[in-house]
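Protein chains: 4
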Amino acid sequence: MKIELRSDREFDVIAIGRACIDLNAVEYNRPMEQTHTFSKYVGGSPANIVIGGAKLGLRTGFIGKISDDQHGRFIEQYMRSVGVDTSNMVVDREGHKTGLAFTEIKSPTECSILMYRDNAADLFLHPSEVLEDYIRRSKILLVSGTALAQSPSREAVLKAIRLAKQGDVKVVFELDYRPYTWTSTDETSVYYSLVAEQSDIVIGTRDEFDVMENSFGGRNETTIETLFKHAPELVVIKHGLDGSYAYTRSGEVFRGEAYQAKVLKTFGAGDSYAAAFLYALIRNLDIATALKYASASAAIVVSRHSSSDAMPKIEEIERLLELHVSH
Amino acid sequence: MKIELRSDREFDVIAIGRACIDLNAVEYNRPMEQTHTFSKYVGGSPANIVIGGAKLGLRTGFIGKISDDQHGRFIEQYMRSVGVDTSNMVVDREGHKTGLAFTEIKSPTECSILMYRDNAADLFLHPSEVLEDYIRRSKILLVSGTALAQSPSREAVLKAIRLAKQGDVKVVFELDYRPYTWTSTDETSVYYSLVAEQSDIVIGTRDEFDVMENSFGGRNETTIETLFKHAPELVVIKHGLDGSYAYTRSGEVFRGEAYQAKVLKTFGAGDSYAAAFLYALIRNLDIATALKYASASAAIVVSRHSSSDAMPKIEEIERLLELHVSH
Amino acid sequence: MKIELRSDREFDVIAIGRACIDLNAVEYNRPMEQTHTFSKYVGGSPANIVIGGAKLGLRTGFIGKISDDQHGRFIEQYMRSVGVDTSNMVVDREGHKTGLAFTEIKSPTECSILMYRDNAADLFLHPSEVLEDYIRRSKILLVSGTALAQSPSREAVLKAIRLAKQGDVKVVFELDYRPYTWTSTDETSVYYSLVAEQSDIVIGTRDEFDVMENSFGGRNETTIETLFKHAPELVVIKHGLDGSYAYTRSGEVFRGEAYQAKVLKTFGAGDSYAAAFLYALIRNLDIATALKYASASAAIVVSRHSSSDAMPKIEEIERLLELHVSH
Amino acid sequence: MKIELRSDREFDVIAIGRACIDLNAVEYNRPMEQTHTFSKYVGGSPANIVIGGAKLGLRTGFIGKISDDQHGRFIEQYMRSVGVDTSNMVVDREGHKTGLAFTEIKSPTECSILMYRDNAADLFLHPSEVLEDYIRRSKILLVSGTALAQSPSREAVLKAIRLAKQGDVKVVFELDYRPYTWTSTDETSVYYSLVAEQSDIVIGTRDEFDVMENSFGGRNETTIETLFKHAPELVVIKHGLDGSYAYTRSGEVFRGEAYQAKVLKTFGAGDSYAAAFLYALIRNLDIATALKYASASAAIVVSRHSSSDAMPKIEEIERLLELHVSH
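Protein chains in written order, with the working numbering: chain A, 1 to 327; chain B, 1 to 327; chain C, 1 to 327; chain D, 1 to 327.
Do not take every clue at face value.
One copy or two, either will do: identical chains are not told apart, so a pair holds if it fits within one copy or between any two.
Think about it this way: if two alpha-carbon atoms lie no more than 20 Å apart in a straight line, the pair counts; the simulated DMTMM-like pairs of lysine to aspartate or glutamate are [as the list claims (entries may be wrong)]: (1) K165 / E197; (2) K262 / E110; (3) K106 / D68; (4) K165 / E213; (5) K165 / D186; (6) K229 / E197; (7) K165 / E132.
Calculated from the structure, these hints are not laboratory results.
Please put together the full structure from these sequences, using the hints given.
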């Protein structure tokens, strides 16, 4: 099965949701209390995905709200500098701040994030700021789950999905579940189900699909049985080091291997995975190949310091894949 | 066309949403400043509809949250006394108050409402308080638009709709648009569209459908063209004194006449309309007859002082219809 | 000891704080669930006091914020009609509603109130709406404790007290403690202490002074010892049916008897007490007499249906006192 | 005139208010958009003052609320490491975050701060968390104006002042006005006046005193005339490069010179000024000398990168003063 994308569109992917600031520990392998210096990067799952896509050569755009300050301007400037179209990024005029993520790297496997998300500007994107014409210029609308966590961003995203479906734009839903912005998993489950059932492609970890189903220890077969009764054509479920699975509505199942990497931290793995997976679909590669690109991209990013700036070029992905083939 | 309802269900209609207190001016035909006495009634669109249904002989139930005080207890006691099942009404434990509506009747055509809706208990119904088993015991789930205005009531309703669809329960959406509980018509439009497209029957005034479409002066033809691409089988659009129209997915159009009445006030017309319309559908009467019952019921309620207690019995509706036939 | 008041002022008393609506059970001696009709009156402690004062012949004014609706207009019209100067009552422009109090009279001794105080308009009085020139036109500024419960009303009152002290206006603090508008007794205690220590006269029940002291079972002697280290000259502590005590800075103690009355309900006793007490002080009567007037006024109001409209005329107070003398 | 301090107290100064994180631009003399690395320091005016005091050899303590995360723990550890008693710092259990200040240094004279103060943990200090016994162990209670900006921190500070006055602890009020945490200057003016009039020593810039007076271009003579009618014994008004003035209740006026410094940034000048000024008073030096120490301390801090870690030792202050004498 192949995902049919419109060929007459200017953009490959337009993402909607948050663009934030990551403050990454410069001195790491220690508790954050002992870190005295932080490096600033653009962060936030949908921003990282279009940045990653742009670095791979895709034509990408972004819909989101940024703060009216130095952090907001840095985000817009950085994204524009790597080739993301920022014409539909809106500057907040009500004093909301950019979301922050201080990353703590105690060891490659003990990473945590200290989030500043109270009244983050991205959550104030208003449905009136989502423009039909812009969405119709893209092959794909990428929706990030976190953007559903609060109003009015939630309604902005629901409107964007509606416009995408009316405009023959494929909707890709990256579950991107971040507990701190939701009031309950009941609430998350309501919106995740609603959006997943309207999307063409759904990507997430097994844990995230469990949140969508408001359950624990869910089985992939049950998940896809429910989703394939509705709009989805392709569902990708990630199982960490055990690899990932892509299921198609027509019944195919593909398994993607996780590649070994010298892990510096775990952040950014999902975003780089999604960027490379979409790249492959857009380049009309098959699903098995897309899974390989995705895993390779994730393996590269976890070995590096940031999540956005670290996004690989296509040559880097292909070089890593060649190494693995030659094994 | 007929709406196929499950015959194996204990309840005819279960409504979800608000149950409030109406405080109706005892001395009327004057500004409220000059009213010194108010009569207390149960109010709120979905509560009125199931009360009206119960008076007509339907088996009805209600899902909603009521305040932990004298007003909340009055609501539950009254609804139970007229035969509504209140087993799934939940008592709020966080100090929220019952919504109030003071009605002002300056003249039969100049009526207004002074609302107390800040933190009204009904808007705090939580998705975890909506039980799948209960919904599956009904033929119809009646959803009121106002219940979508705020979280967590919004999510409770979205969950109820999902459960209804999974459980082969018909979803009837009464738009019931009340501007004061919404932050913007953009927001209303997002949720009204989402819910209308998932419902089997949609009922509202032309103005309310305009809100759903986030436009002015919309045409019925456009409305039904959009809705019939999705779940709806039947759409009822009311045009006040010009009567109402019922459109079926199979292409039929029915026009219902508005009956003359000695109008005391305009409140409650829509709720009594919906109650009698659903009664007729459940009794397996045809759509043309359902429109007549609905209009007759509305004509009776506007001639009386309350919106809930004034709901007619079936004999009263039939008597009024006989008078009109004999003309 | 006598309280020295400026003789060159246009107003005897200007009160600051809330003016609300009481909805009193027409059918009483039963739970409110069984009451179907409510009578509307102006309510709220400081409003009642200046209404009571005006009925006794005092020249009174009011500083407060009222809703931009029928309830707000009713309040202003009623207060003006009984002679209260309403020129400094401000209409809220942000959609806040008038506070409501539904009264339940199960029996003369079992009375309770169902309050609607969420975002009540009176709590949104802003310091910029308190005018120095107006306060300086009065002999007395009457401050109600409830107005300290939330910002910005809290700051409006603190500013008014400051202006009063600068303008040689006596500050009378009526503790008027209503738990539902405060977040904690710690918070209440901070502001009650602050304001009491700056006031010239402090009036409250023993329980209210306990709240001020953030303690239980406090002794009057301790209370006055603390207060007389600061501004107060006169402290009145009410002990319900056991009567009330007035303490002066110069060491005098007066005991006022509570008069027997055919009690209909307990509401309004404190407000009518304060109105008549201030009347006596302003008419230059001695403190012992002021306590008698206060008790008589309270006895009259608890025998009647409302708290504001029921405020007695001076002849009624004097007639009741004559009856008691003749015993 | 000398300020009489209790000699029988364990602490010289206990401060109450905020302790935050400063994130200072590592690459400076450029807009923050072009800064990629930030150094982390403890910040917040009252925290800086007790840190500065501790470095000068004073025995200091701190009352404040810190976040339950890496930033909160860093603050407590750092303050403890320099000798501040942190036994009365309270850990927030409701998920509030540490306030942040990103500093931008475009040039030595163009400095600005990007603040994160929404729901900052320090503003949630509750009056019940302020302990009388602790305050009574100090000679001085230092109050920072920003702690008055929101409830419940506001009430915690008002309670602390009350306890200090009852316990013969001198109250020093550092105005520390930060507009972003206040809703209006009317509100600020109410609390600044209230607290200044209850304090023994008041320190601020001329602009800050204008905020207290809710006016522009105020004169020092008017300010002190008003304040000396109340509790203050000493008022220090800073005029930037034009130096500062200390006024005593007994009528003395002292002028302190501002010392030239190689300015890196302007942050931290006020805090280092206050720390050294209090040091001198506590060491029983005269007011003229205290002004010199204060100016010298400020001159040292503005030449360095941080506001807390940069606080000078007493030898550094004295060396700078010697240089100035020898000129």
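Unsatisfied constraints (hint numbers, rising)
No hint contradicted; all consistent.
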